[in-house]
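Residue numbers (our numbering), protein chains in the order written: chain A, 981 to 1093; chain B, 31 to 148.
Read the hints as simulated data drawn from the structure, not as lab findings.
If you're wondering where the values come from, they're calculated on a predicted model, not measured in any experiment.
Some clues are possibly wrong.
To be verified - Coverage of chain B stretches by chain A, computed from C-beta distances (three or more under 8 Å per stretch; other residues unrestricted):
| # | segment |
| --- | --- |
| 1 | 65 to 73 |
| 2 | 78 to 87 |
| 3 | 123 to 134 |
Unchecked claim - Derived DEER-like restraints, expressed as beta-carbon distance ranges:
| # | chain 1 | residue 1 | chain 2 | residue 2 | range |
| --- | --- | --- | --- | --- | --- |
| 4 | A | 1000 | B | 114 | 31 to 39 Å |
| 5 | A | 983 | B | 69 | 12 to 20 Å |
| 6 | B | 114 | A | 996 | 36 to 44 Å |
| 7 | A | 1019 | B | 46 | 33 to 41 Å |
| 8 | A | 997 | B | 58 | 40 to 48 Å |
| 9 | B | 116 | A | 1088 | 17 to 25 Å |
| 10 | A | 994 | B | 82 | 48 to 56 Å |
| 11 | B | 81 | A | 996 | 41 to 49 Å |
| 12 | B | 48 | A | 994 | 46 to 54 Å |
| 13 | A | 1092 | B | 39 | 29 to 37 Å |
Glycine residues also receive a C-beta, built at the ideal position from the N, C-alpha and C atoms.
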Amino acid sequence: AQSVTQPDIHITVSEGASLELRCNYSYGATPYLFWYVQSPGQGLQLLLKYFSGDTLVQGIKGFEAEFKRSQSSFNLRKPSVHWSDAAEYFCAVGLSGTYKYIFGTGTRLKVLA
Amino acid sequence: NAGVTQTPKFQVLKTGQSMTLQCAQDMNHEYMSWYRQDPGMGLRLIHYSVGAGITDQGEVPNGYNVSRSTTEDFPLRLLSAAPSQTSVYFCASSDQDVRYSRQQETQYFGPGTRLLVL
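So that you can see chain A by itself, here it is in the shape it has in the complex (with noise of 0.2 Å):
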């Protein structure tokens, strides 16, 4: 069965610090995969995307992502983490030929100051 795994539900760091979040899929098919940020109270926008080319994929507020086949994952990275960073993130996967995604449970982000 398909599913997407954020092993961790919350994170903390301090400003400045790095930051790495995990996701694995498991999807037998090309996945197509995403994160996504969520502010409190608002809906989910779009960190970015990878379908194809390029296994280190840049998105926006100065997040990055890599894809790894042989590990099934697709960890988002930032190098330093400002306040404004503090909110839930969400990995997904596109099932091709389903027309459905699916999502993770999500890490809640929590930025020292």
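With the hints as your guide, set chain B onto chain A.
Quick look at chain B alone, frame taken from chain A:
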């Protein structure tokens, strides 16, 4: 260009009541979807549509009905609300070419409707 709009923002229902959550988009997107978001469970797909008159079930369709009479609107109906339907509901649309289900396109989300069923 308002994007994806949802009404109401917040609603309280009693068990057994019915209601319709409204969703509209002004981007001429063929693909629209409804999700519910529950703590610890992320977003789960309820129903989706690939154009006017075409809808299908997602992961958690029970208790919900949808219809799509226009490209712009995709309402979600709760016929007999239950406490288990207490959740935050998000509508989304995508500019994907619905002739192909590649699922590689960005989804644009509305601000959500918070529903409490007593």
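Here is what the structure says about each hint:
no.: 1; hint: 65 to 73; in the structure: holds (count 5)
no.: 2; hint: 78 to 87; in the structure: holds (count 3)
no.: 3; hint: 123 to 134; in the structure: holds (count 5)
no.: 4; hint: 1000/A / 114/B: 31 to 39 Å; in the structure: holds (35 Å)
no.: 5; hint: 983/A / 69/B: 12 to 20 Å; in the structure: holds (18 Å)
no.: 6; hint: 114/B / 996/A: 36 to 44 Å; in the structure: holds (43 Å)
no.: 7; hint: 1019/A / 46/B: 33 to 41 Å; in the structure: holds (35 Å)
no.: 8; hint: 997/A / 58/B: 40 to 48 Å; in the structure: holds (42 Å)
no.: 9; hint: 116/B / 1088/A: 17 to 25 Å; in the structure: holds (20 Å)
no.: 10; hint: 994/A / 82/B: 48 to 56 Å; in the structure: holds (50 Å)
no.: 11; hint: 81/B / 996/A: 41 to 49 Å; in the structure: holds (47 Å)
no.: 12; hint: 48/B / 994/A: 46 to 54 Å; in the structure: holds (49 Å)
no.: 13; hint: 1092/A / 39/B: 29 to 37 Å; in the structure: holds (31 Å)
Going through the hint list in order, the structure satisfies each hint without exception.
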